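Colleague: Required output: the full structure, derived from the provided sequences and hints.
2 protein chains.
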Amino acid sequence: MTRAYNFCAGPATMPEPVLSRAQDELLNWGRSGASVMELSHRSPEFQQIARNAEQGLRDLIHIPGNYSVLFLQGGASTQFAAIPMNLLRGKRTADYVRTGIWSDKAAEQAARYCEVRIAADTRATGYTSVPEFSTWDLDPEAAYVHYTPNETVNGVEFDWIPETGDVPLIADMSSTLLSRPIDVSRFGLIYAGAQKNIGPSGITVVIVRKDLLGGAIPETPIPFDYQVQNRDASLYNTPPTFAWYLTGLVFDWLKGQGGPEAMAVVNERKARKVYEVIDAGDFYSNRVERNCRSWMNIPFQMSDTSLDSVFLSEAEQNGLLNLNGFRAVGGMRASLYNAVPESGVDALVAFMKDFEKRHG
Amino acid sequence: MTRAYNFCAGPATMPEPVLSRAQDELLNWGRSGASVMELSHRSPEFQQIARNAEQGLRDLIHIPGNYSVLFLQGGASTQFAAIPMNLLRGKRTADYVRTGIWSDKAAEQAARYCEVRIAADTRATGYTSVPEFSTWDLDPEAAYVHYTPNETVNGVEFDWIPETGDVPLIADMSSTLLSRPIDVSRFGLIYAGAQKNIGPSGITVVIVRKDLLGGAIPETPIPFDYQVQNRDASLYNTPPTFAWYLTGLVFDWLKGQGGPEAMAVVNERKARKVYEVIDAGDFYSNRVERNCRSWMNIPFQMSDTSLDSVFLSEAEQNGLLNLNGFRAVGGMRASLYNAVPESGVDALVAFMKDFEKRHG
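In the order they appear, the protein sequences are chains A and B.
Going by the numbering used here, the first sequence wraps up at 360, each residue one higher than the last.
Going by the numbering used here, the second sequence wraps up at 1360, each residue one higher than the last.
Hints are computed from structural coordinates only; laboratory data are not their basis.
Please read all numbers here as calculations on a predicted model, not as lab measurements.
In this text, a Cβ means the ideal position worked out from N, Cα and C, and glycines have one as well.
Take these hints with a grain of salt, some might be off.
Residues of chain B placed beyond 10 Å of chain A at every Cβ, according to the derived structure [what the hints assert, rightly or not]:
| hint | residue |
| --- | --- |
| 1 | T1002 |
| 2 | E1038 |
| 3 | V1069 |
| 4 | G1090 |
| 5 | R1123 |
| 6 | G1258 |
Below, a sample of chain A positions facing chain B; criterion: calculated Cβ distance under 7 Å [unchecked claim]:
| hint | residue |
| --- | --- |
| 7 | N6 |
| 8 | L19 |
| 9 | S40 |
| 10 | G74 |
| 11 | A81 |
| 12 | P218 |
| 13 | F242 |
| 14 | A243 |
Modeller: Below, the structure is given as structure tokens:
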């Protein structure tokens, strides 16, 4: 098999030009005589790689100067702890909006450090909607408001940003960052595991407003103290250098594609093509309300669940990989991140139509 | 420049056959149609990669069955916090042996979680020796005893294992693991950042005796709770999949070299060649006592420090990279990890002799 179309929710497919470039220079980067992964993280060569990556991200989503950009380890799951550890700043409570499995996990881990108030919740209705902002029970004394603009498992995505006034807004953008433009200035902190639209797994981007730095509780492991990593340009300890380098290549590639503004047009169209097949009849279904269906992650079911394994194995034979749903949910899911080409979506749509014709 | 000899202390040089193999399959692993970094961490393909890597390490250092092997993120600097968070188990104090910059950092971070007792210390004499075991002030009530068998910056290495009885012995083996045989059964926990003898930066190996699991304090971020990661085979959250894969390739390569037993013979000889040049006259010096000189990291000075920059730039022109000392220490340092070929050491030794002839 040559390279297939890969709909994995993460670690996700990478842009092929990025992999090809990394392959070309894997044994000898530039004229350094060494692989990027063999460069000292303190060397001028790596510092240049690191700073270029940061600038690439700053350019792509227009990050204001009063925000720090950190490249950390540990994934979003570590940030679920690091956020309360760093941002409680003496406050006792934090507000969490629960719209899927990942915001639930974020709230669960935060409860180890503070009183978590669930300010809005769609669990009872199966995480198929985004709660109306007018119903949110926000506490003006909360340390922050946390939400998950795109739920990777449930396929629920906000197309609006809550207005939380003086209470900093925190967003887990792991599966939506760079897929469309965002106004960074509306947020106190944005974080994202790289393994969707940014790079390989093993590196995590944190974008934090600088006035929020400096309040970490003493129990915070130093590599996760935002103030320390801001001071040290994310080099307090040895960073995942090769993963960091790959993020820079992805940012360069994305600039060449026109950035999030251009990707939003493509991503909306890619998603629409799949939802149209799902909605065309009763064979496939997606339970998410239409005003908050994700562009990035599209879960879908067939009424006859015994067909799931047939669908998945035939898809794989047709070079359409990783269409299985999240392990705890089942069914199918197509993740359509930036690096999934539109030709891949066209192939998926054709396959879905053909499968329905044969089995419907 | 083609590939040079790289004496970096870490991220360190990788075995060239490992990089070549990774290069060959970077866009398409096996017949999967995807790069390793694009495989789901829950896929059978990646699970096989992960389990092979673990088994490779188990085979190389004969890890007993009552030890768990974890592959985590965050580096040794995160373990400096994770160890007290996981292993205090209700105790109030922990014993630390301070023999260099890294054991000092470990003790400093542990002091955020418990009372740290410095059981032995060579700071006053400049970290040039290993303290006699008979002088150690060990507390039988301590939660554990922590030491650093090889100090990467100071070039001090233990060639013996302390006997701490019922108090678990914890070792930061970042820069010595796999360089020689060890008796894992003497330890409660061994940890190592990968970026010396194991793989690229961004992945950390923790080998922990299973009876020590389960006591994490509530403030422990879940991805660093050993019990949780043991239960989930280090897949509680998305692991650094590509780095994990590379560790497996390194373990395979090392098996082919004859394992730590064979490497110890080579490593002793490589180090001896460099120490012999240093000791042959007054031009170079190394201040570490001869009974504890590191095989892995050899710091050295010239009496005329104004020659340092000349040495380093001429070395680089000769394809001998990263011989600068640790930033806070200065001077020179040659790190001779497993993947530094003996031909590289021979080239270094020839260069040092020639440089002395011209400048001595």
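Colleague: In terms of Cβ atoms, is chain A entirely out of 10 Å range of G1258(B)?
Modeller: holds (23 Å)
Colleague: Would you assess whether T1002(B), listed as outside the interface, keeps its beta-carbon beyond 10 Å of every beta-carbon in chain A?
Modeller: Non-interface label on T1002(B) violated, nearest chain A Cβ at 7 Å vs cutoff 10 Å.
Colleague: Is the Cβ of G1090(B) more than 10 Å away from each Cβ in chain A?
Modeller: Correct as stated: the minimum Cβ-Cβ distance to chain A is 16 Å, above 10 Å.
Colleague: With chain B as the partner, please determine if G74(A) meets the hint condition of a C-beta pair closer than 7 Å.
Modeller: Given a least distance of 5 Å, the restraint on G74(A) holds.
Colleague: Does the claim that E1038(B) lies off the interface hold, with its Cβ farther than 10 Å from every Cβ of chain A?
Modeller: violated (5 Å)
Colleague: Hey, is R1123(B) genuinely clear of chain A, shortest beta carbon separation above 10 Å?
Modeller: holds (20 Å)
Colleague: Does V1069(B) sit more than 10 Å from chain A, CB to CB?
Modeller: Holds: least Cβ distance 18 Å, greater than 10 Å.
Colleague: For the hint on A81(A), does the least C-beta distance to chain B fall short of 7 Å?
Modeller: holds (3 Å)
Colleague: Please verify that hint: F242(A), Cβ, nearest Cβ of chain B, below 7 Å or not.
Modeller: holds (5 Å)
Colleague: Interface hint check: S40(A), Cβ to nearest Cβ on chain B, cutoff 7 Å. Holds or violated?
Modeller: holds (5 Å)
Colleague: Holds or violated: the hint that P218(A) contacts chain B, with Cβ atoms closer than 7 Å.
Modeller: Holds, about 5 Å.
Colleague: For the hint on L19(A), just tell me whether its beta-carbon gets within less than 7 Å of chain B.
Modeller: holds (5 Å)
Hint violations for this structure: numbers 1, 2, all remaining hints satisfied.
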